[in-house]
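Each chain sits in its own coordinate frame; assemble them with the hints.
Chains A and B supply the protein sequences, listed in that same order.
The first sequence begins at 1 in this note's numbering and counts up one residue at a time.
The second sequence begins at 217 in this note's numbering and counts up one residue at a time.
Please keep in mind that the hints were generated in silico from the structure rather than gathered at the bench.
Note that the structure is a prediction, hence the values are computed from the model and not measured.
Glycine included, C-beta positions come from ideal geometry on N, C-alpha and C.
Take the hints with a grain of salt, since some may be wrong.
To be clear about the criterion: a stretch of chain B counts as covered by chain A if any three or more of its residues have a C-beta under 8 Å from a C-beta of chain A, and this derived list gives those stretches [claimed, not checked]:
1) 272 to 283
2) 295 to 308
3) 332 to 341
4) 391 to 401
5) 468 to 476
6) 619 to 633
7) 652 to 664
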Amino acid sequence: MDKFSTLDGIVAPLDRANVDTDAIIPKQFLKSIQRSGFGSNLFDEWRYLDSGEPGMDNSSRPLNPDFVLNQPRYQGAQILLARDNFGCGSSREHAPWALLDYGFRVIIAPGFADIFYNNCFKNGILPVVLAADIVEQLFTAVAAQPGYRLKVDLAAQTVTTADGTVYPFSVDAFRKRCLLNGLDEIGLTLQYADEIRAYERRRKEQAPWLFMDVGQ
Amino acid sequence: MPGRTLYDKLWDAHVVRSDADGTALIYIDRHLVHEVTSPQAFEGLRLAGRKPWRTGTILATPDHNVPTVGRGSGIADPVARLQVETLDRNCAEFGITEFRMDDPRQGIVHVIGPEEGATLPGMTVVCGDSHTSTHGALGALAHGIGTSEVEHVLATQCLLQKKSNNMRVTVDGKVGAGVTAKDIVLAVIGEIGTAGGTGYAIEFAGEAIRNLSMEGRMTVCNMAIEAGARAGMVAVDDKTIEYVRGRPWAPAGEMWERAVVAWRELHSDADALFDREVSIDATTIRPQVTWGTSPEMVVPVDGTVPDPRLESDPVKREGMERALVYMGLQAGEPVTGIRPDKVFIGSCTNGRIEDLRAAAEVVRGRKVAAGIRQALVVPGSGLVKQQAEQEGLDRIFIDAGFEWREPGCSMCLAMNADRLEPGERCASTSNRNFEGRQGQGGRTHLVSPAMAAAAAVAGHFIDVRQIIQEQQR
Ligand code: SF4
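Next up, chain B with everything else stripped away, as it sits in the complex (with noise of 0.2 Å):
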């Protein structure tokens, strides 16, 4: 019998039961919960007159609503006030752990679980939000479900799943200084495209992946759902016990000792068959910049935007040319002469310390350039947003001319006030470029946190390695 993939070790350990069909009932570690997909769960379970099956397992914040600025006089929009009320609301009738908008801990769940150590690594880890495939990064099995599983987990602790493929996505080689996390995940996704993913649990392996940081890892799982993939994933390694080590609900003792021997398990057997491959060479990876309404319409900074006649698939070739129409592009322009009029740092992808920093190395002594209308710093939690301003980040931004807010998902979605305006140009470190994403009519451009920066500074997308050098010198 062949070896067992991580994947396959993580499903194993959770399943309680399975059909012969192979529908399995798994069972649920960690749930995590906020404002905008929870409503209509707790709801349910009232009119069900059911309760949480554990309620240990729910840890809760409002990230999607919430304003980044002036928020002691509460937010003023009252259907989003209502929504973050019902959180509170729910939360407190069942008795589960939230960390309200006033509470430093609050931020974007998928910043907090890891940061808390609410997410450990051999856990299984939902939410109803997509981008719950950023908790793989510490060797656990994480995805986004939907409003009647948010019910189904929280009244069984359990979700009717079938297993997914296999697929390894090995990034070897190193990449250059100024290549990132980002630039990795956006270099897969426009090899294998928004649906290459579908159908399958990724797990990133490979020389490149295993010298990202902690944070790193996160960005490239956070984007496997733009993969198509519900679930990214990377192996358990020294980084990932030491960056758990001491977190507020890691275990401690001699449990600590017991889970360490445990986590050291999760990583594939040597012997392990993957049902896909894809390898990508690190050292060909530059600087990403997205052009289009898709993630996998992304090329290097230093080319250009594609010609759709040059495409031989008719329906891709259609999605090229409304996507240039939609984003003001001509086909052939390079990249490097696209001018943002706003600037987005934050985001469950990017809205880390290690992220702040990079940025922050990029911007110190510079201005953002006249032609910038806006740019916005959000930290992704409040204990992000507090490290930062004790490493004297916040300084290095607001001297340049950045905004530094509030922690919250922000101008990634623009549910709350931060938002683009039609036919506004971002530089966004989000991880979606859909049409009217970060506001009606609003063209984002998806770039990693060093890139945005530039960007910032430079008034137009330039190659952050160029700024680098400069710095050097």
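In isolation and in its complexed conformation, chain A is listed as follows (with noise of 0.2 Å):
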């Protein structure tokens, strides 16, 4: 997994509520049985006028000025802001990595749905819970100055504004450790090996009906 320690980028601002998977990446590209190649294809029915397909040449295809990532000034991108419950919908991991493809490091949400924030842990993405009002401030402040950039330090738990506004996040200890080191989670886990295998013992004396495997 990426490690995610530092960042200082440039925030784009994605102005609605409940945001879901279906937009963030739409279904017809998650046939694909890679991991990447996803990011020109985020946001894709809102980025470009023409319907998508998976195998098309994105470079030709017509961009919706209107949309808030094909403006100039937000080129370049690393840090998503957003609204409530952003990346609703959808277990799929295809969500975080058309996010990271595109370039995206930071999402800053007032909140988010529970499977997409764990998602993106998973993949090298640091999703930040600020306060509504907090981020009402940022959305008047991004949209006030081009260029507008932001500090993110996982370590320190902190977003820093460039005038020097310091706003603490909270994060859980074992994820943020996975995060800062990139650790392989699986690896982690097998270390307990032998605790799962008591576990499987002890519990298959209580209730064997739960080791009976299918297809037999």
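Structure follows, in structure tokens:
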């Protein structure tokens, strides 16, 4: 997994609530068996004027000039500023893959959907929850100033504005450690293989029907 | 010490170990796998030189991409075909049980799990699919996971989790005739909102939930995720046990007797404490229709499309305005004036036998209205399809002008050829009305199977209770 420690990046605002995984990456692109290559179809239905299909040459498709990510001032953005319940809908990890592939490493919102929030950490994206009024202020600041940047520091758990205002955020200690160090969670869990086996032995005594295999 | 909730009991029984900060390693009893969210997980496993921990816990089937017509000639779309073939290959390589596309038991994972007795009370159930919450209807702890977690469960049989908070949604009283599980859950989402359950595991309780069939409870739990909750569940009772009895992978004989004793404990204790309680009076629930692009944008069928100007929250107001434009609707329009172009009956929410029966009951002896371009019935599994055909439901639908299809996700998310064209409006029994969900530019109205059938024969949304009354006359 990609590590994340600090980032000083351009902020792009996506000013709508309940942005769902179907909007982040429409389902026709989920047929891929790869993990990469989803970035050019991120927000496909909002970003392009035609309808996108896998295998198209995205560079020659007509862009929707009104969509925020198509505006020159937000090119190269690595921080996405979003509204409440971002990432609701499906459990598909294609959504964080597409955001990451596009270049986003941090998403700031007043709230995230559970599964999406979790999936971000597994893919080197840091989702930051800030209070709704702070997010509101950030939306105003981004709109007012082209090239608006924020500094995000995972170790310190802070978001810092150019004028030095610091917003602390909270993050689960285990997730933080994994993201800071790019740890392989499967490898970590397998260190407890003996405990897993001991659980299985105990459990099989109590509830043997849970150990009947399907297909038998 | 207060008693424990159903969720507490299920959680406690599955903790392998936990850290001081509350991160726990949870053991997984059943892992369901489909073609869309698994290829990268198998690939990761292979790259790390790992193997599945316990293949016997895994049941796989292709459902999202499969065609619902002309299956004999395979999948025409090469990208979709590769994904389904990749699942076949991965299952063969690792010795995983798979119902392939041509297996009569193939279907939507969330329909076949309970149907086969592969998901049982007291289990932890995961799948790389958010609607895994469905299986909670059996008194199981079931939730969707991402592909990294699919790989984690494959490799370790465990999941790293923090415990959610407990919420109980109590629906007391009796619903009227023509008001179904779908209407109950849409009304709940309308009440608490699509983020209302975020961070919670929801137990659905109360007389109206107990009175639902197992299929109905699955419909309710299926949409827990639409309320933001990863898991929804219902306590075990006689109905649960009768539903499970005799299913192919349910225990039998002495093991069955032992299991039933354990399952009888799967309910919240009388003195259990919930972090949040919501109660809804079932007698006030009318058949529901969503008007917007989020499941919380829902009104009763005799209502009108709401006016954003009356909404005080600016973010919500803007969302409503955007939804009205996308949906091509005006504030104040009566819901019964909305005319769908297509009707879709199916999905893991409403593709079970009871759903098809309810729809067929409304359709019987009637015809699909002239304005409806396409009306599809897509059974949730091959066995549901067989059962429906034995009961003659297929004839009722076909005679009325519906198309009778092969099982799969179909127009619920339009990954296969079944989809809406831009601007088309659909009465759909699925679970998501997001922009573009059923096809780019498509407009989805979520309803119950009976309400979808009623819209199909009337050509516009109509209170199905009117049709039921006519039938009784
Ligand atoms: S029927 Fe729809 S919601 Fe259910 S698993 Fe398939 S795509 Fe997902």
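Tested hints:
1. Only residues whose beta carbon comes within less than 8 Å of a beta carbon in chain A count, and the segment 272 to 283 of chain B has 6; three or more means the coverage holds.
2. For the segment 295 to 308 of chain B, the stated coverage by chain A is satisfied: 5 residues place a CB nearer than 8 Å to a CB of that chain, which reaches the threshold of 3.
3. By the rule of at least three residues with a Cβ nearer than 8 Å to a Cβ of chain A, the coverage given for the segment 332 to 341 of chain B holds, with 5 such residues.
4. By the rule of at least three residues with a Cβ nearer than 8 Å to a Cβ of chain A, the coverage given for the segment 391 to 401 of chain B is violated, with 0 such residues.
5. With 4 residues carrying a beta carbon less than 8 Å from a beta carbon of chain A, the segment 468 to 476 of chain B meets the three-residue requirement, and the given coverage holds.
6. Counting residues of the segment 619 to 633 of chain B whose beta carbon lies closer than 8 Å to any beta carbon of chain A gives 3, which reaches the threshold of three, so the coverage claim holds.
7. Counting residues of the segment 652 to 664 of chain B whose CB lies closer than 8 Å to any CB of chain A gives 4, which reaches the minimum of 3, so the coverage claim holds.
In the structure shown, a violation is registered for the earlier hint numbered 4 alone.
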